[in-house]
Amino acid sequence: MLDVVITGMGVIGPNGVGLDSMDGAVRAHQLPFSPWPASAAPPHPEALIATAGEYPRTRYFNERQLRLMDKAMCLSAFAAGQALEDAGFADGQAPDDTATLLGTMRAEQPSVFKFLQPLVQGRPDRINPAEFPQIARNISCGQIAIRFGLRGPSSVLASGSLASLEALSRAADFIRMGRSKVALVGGLDVLSKFSLYFSRRLYADSMAATRPSFFGTEPGYLIPSEGACLFVLESAQHAEARGARVHARLAGHWSGRVGKGSAISALTAAWDRALAQSGLQASDVGMLVISAAGGNRPFEQDEAAAVAAWLQERNCPAQVHAPRSLVGEGEAWTAALQVATAAYALKQQTVWPTWSVANDAPPLLAARSSGGPLQAPAALVTAIGSHGVYHTTVLKQA
Amino acid sequence: MSQTRVVITGMGVVSPFGIGSERFWSALSTAESAQRSIQGFDATRYRSAAGGEVPIEVYQDSARREHCDNPAEDATYFATVAADEALTQAGLAASFEDERRVGAVLGTLCAGMRTLQPLCAACETGSETDLQTESGLASYQLHFLAERYNLTGPLSLVSTACSSTTDAIGYAFDLIRSGQCDICLAGGGDVLAEPVHAAFNGLQSITTTEPKPFDQSRDGFFIGEGAAILVLETLESAQQRQAPILAEVLGYGLSNTAFHLTATSQDGSAEGMAVQRALECAGISADQVDFVNCHGTGTRHNDASEIRAMNLVFGATAERVYVTSNKAAFGHCMGAAGALEAVSTVLSIQHQTVPPTINTGGDETELRSRLVMGAAQQVPIRIALSQSFGFGGACSCVVLARYEAASKQGVQQNA
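Taken in sequence, the protein lines are chains A and B.
First residue of the first sequence? That's 101 in the numbering used here, and the numbers climb one at a time after it.
First residue of the second sequence? That's 1376 in the numbering used here, and the numbers climb one at a time after it.
If we strip away everything but chain B, and leave its shape as in the complex, we get:
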């Protein structure tokens, strides 16, 4: 495999905190919570009505929707807003020439659900609907962005449940490293869909209080929504363009727990495999990792597995690793969670600051790492992980690093 260095030159975010990565970071670093009662549908009929919706002003901003070419589906709208911000930050054009071969790998879980629900009703009743059928496909956002920016490189969309967009970043990394394109958008959008909220309520995974990852009294998460897009490109391309280099992608890893369709493993070993593979891909050892942005859903089972995975991977050095969970702040954004958390991780690297895991006392006894709680903490971060686990046993982990002119081998030598 080539050792082409892959860097991040642009990022864009739509989150329950609103539009923009600046707003996102400001909220995360000041311990804001986006948890509200859901307004988009009647959530009072479920065990918990907690959710993290994108602000109503964003939904109702018709000028912005029009500027985004009026996507027929909300996850795509969010992804378009995020992609615009990311491309602007990266200093890239709004539409590429054919020869540029810019690629995209997106990910999602629930996108299209708001189209499928009325389509299912129309199918059942025989009623007419003028909904755009294609917006019921997960791939709608991929093709929408491809046409908007005239992307002519490799295109794909990952759907590995809550692990989707971490995997998507990894896939984009591979496409660049293998020479299939020089620039690739990675990330994706997702929505807070009523059926998914209903089902997680049925599984008693939605908090009836507030999310408290790694706390012994934790009782689940609330679902969020939004999008994050990152611009990945070769270091050479970024330097030629004199683009801002926000961070470097060193590698990624995937695994399947092969354990249960919905539950994470008991001992964390298969989740740890994804992390270990990411470290191997990056050519670094576990003791070089400074910070882990955890999956951290705040469910009893998931947090336990994740802690065990980290203890397995980091061993004796687990105690020096800082960890946090963003989900307590902006919710579990399903397929978009990985990309949003990757953006947060890059911002942590840039600001050398770990945002706190809000609401938690962090008293889970097996947790050996340094959970940042209460307030953001200034921390020296050279190498960080962002990890995601999902239904179907899907596990993914991406390794991000502060950009340094020396290669990652240099990072190793200096660590």
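In isolation and in its complexed conformation, chain A is listed as follows:
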């Protein structure tokens, strides 16, 4: 399979801008969480959320333009600009046919809530058509295309918490299939009064707990999170020709859904398949970046069990990292962050620890999640969501 490389990354999340700021927070043992706002009816007094940190809002848009944009547009466009800069493309200099793909689970919710207010209040005559476009999930992607002049293949996936990983794989395949030479791709999700209300309902089983708990069996608290994480992808050949710095190589991917059979079997088979596609073996994997969010939902428990079984059976030296322990559950934005975390670790040769590991976590997982030097040159990014949908991406060192 043709190697596709990551040459740019743009991140705006609870730690602010970029992965270096996240690295600093990890080293300082600072968690970027804040109290759930009282105005949004917290599930309990100790409830926390993870809102996006400070960033230079006017870096790519002026105040007048920003007033017309919702938070999803602001965060994703900023991350897009950062990713393009990181890839070495001066403003407006990315190829015209660059593909744009985003994944989100529900980034439109804040604008939908705002747009629906006149109807909710029985005043349909006050519906504001100017706010209408923002309820379309692809408006952020359109804004990015306009701002940076990108007319390549463009799509937005809204398939749930793994949507950004699907977008990343689709973008990589676009490049492999010759649909585009460069792709700007990633994920976003945002918080608002309504999205928090929705979270309380959707994750009701996890909202009673007071703190996250990783790799355990008792329900843990899911910290709602927001942010955007975008990548610039291109073929290795294209990157080399323009002298671009490479963060990591996307070597393969595999996705599906657990059916009637064992989730553990389905996940481990997917990992084996993705590695084989990448020309790698389990012994090449230095880290597993997993999607556990600290809720110990049934599918999180399946993932933890599959990881423990696979590490043991394949005699794999990999460390295990759950980025959501550092930034909360941000659905598609944190799924994209899994890949960014893997790329960062492959470059820095260090794996971040997973925090808030449960007391009843399997000993192997507890031992492998304390962070430290990377022992092998590849990373396996795995995610599983509700309904047993799973996605695996394999990254290799540049």
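Since the hints were made in silico from the structure, they are not lab data.
It cannot be assumed that every hint is accurate.
Said to hold, decoys possible - Derived contacts from chain A toward chain B, CB cut-off under 10 Å, selection only:
#1 Ala141
#2 Asp197
#3 Pro218
#4 Gln243
For every residue, glycine included, the Cβ atom is placed at its ideal position computed from N, Cα and C.
Assemble the complex: chain A is given as a structure, and chain B must be docked to it using the hints.
Below, chain B alone, put in the same frame as chain A:
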């Protein structure tokens, strides 16, 4: 990229004309209109009350809903009915074995809106509601179908506004061609949601008369609703199963206009890029295209852009291409429009017939292609396009062809 041939072996439809692709084709080919005054909510308080709702009998058919496992959201109900029909036509089981790895790529724009509206009210007032929260997510229909049919292949959902399900067909095509699955459902369901009707009214995009695509007096569209699902699979799989082959998918293309968040481009060039990319993906030239099922909303700006796009792509050969717009008949079905129009296009290929664009005089001066008006027209169709454009600059186009045993290279040689 592999040259695996991808064919369509099943199709299912729920439309404002009712249930089933036969009923859909019968209405389209006899120039019926599904335009009515909206009954699902009080539309009289808006500038126009025109809409194309799925018939009330379908909504109220409790036995059918129960057979569909009682989805908590209407777009999902429509998608389930359509998927049942598509799978039956394709000769596939109602539930797959895990090892089969059947995938699905759906698309939608407004699905979930009927859940979100009362949820927003409950959030604002603090009132209780027993609505199923997950049915407020666009992805609800994807996961519902995945569980119903035990789909274990790659699953995704595209949401590129009115371009969604044309893109979804393309994505499914890629998943099959790249060997990630052999069979993939593509399409999706959408609903006529009051806030969207209100907003398009506010933008003066809803017709106060009747939709007249490519007519100089055009004044917009009415919103429709429904679902369409197509079963895509490798030719090899279809032949092994001795499944009916309805048409072949030759390729698809996407673009972003990078021009405006809601308006199509002035010159049609970026819309044309999606079409050009689709042709390149299919390995065919523009002069091999016989028929284009247009996006054809009937708004002043959209039709102008689309005509310019076609003139750019087809050049001197534009005059030999037959074109039509289905939206005048069953409305603009938002996220589901692309899949419904793709089904119509496949039916056109099967029947070698182009359904008419109703209501129009087709007097838009820049239009060079042969707009079929008044009555359906028998036309030799080997290769057809179905194209969609949406908010956010999203453009998509899929290339469909009459199935011939010779490969598409054969089609090229013989054309």
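Structure-based check of all given hints:
no. : hint   : in the structure
1   : Ala141 : holds (7 Å)
2   : Asp197 : holds (8 Å)
3   : Pro218 : holds (8 Å)
4   : Gln243 : holds (7 Å)
This entry satisfies every hint, going by the numbered hints stated previously.
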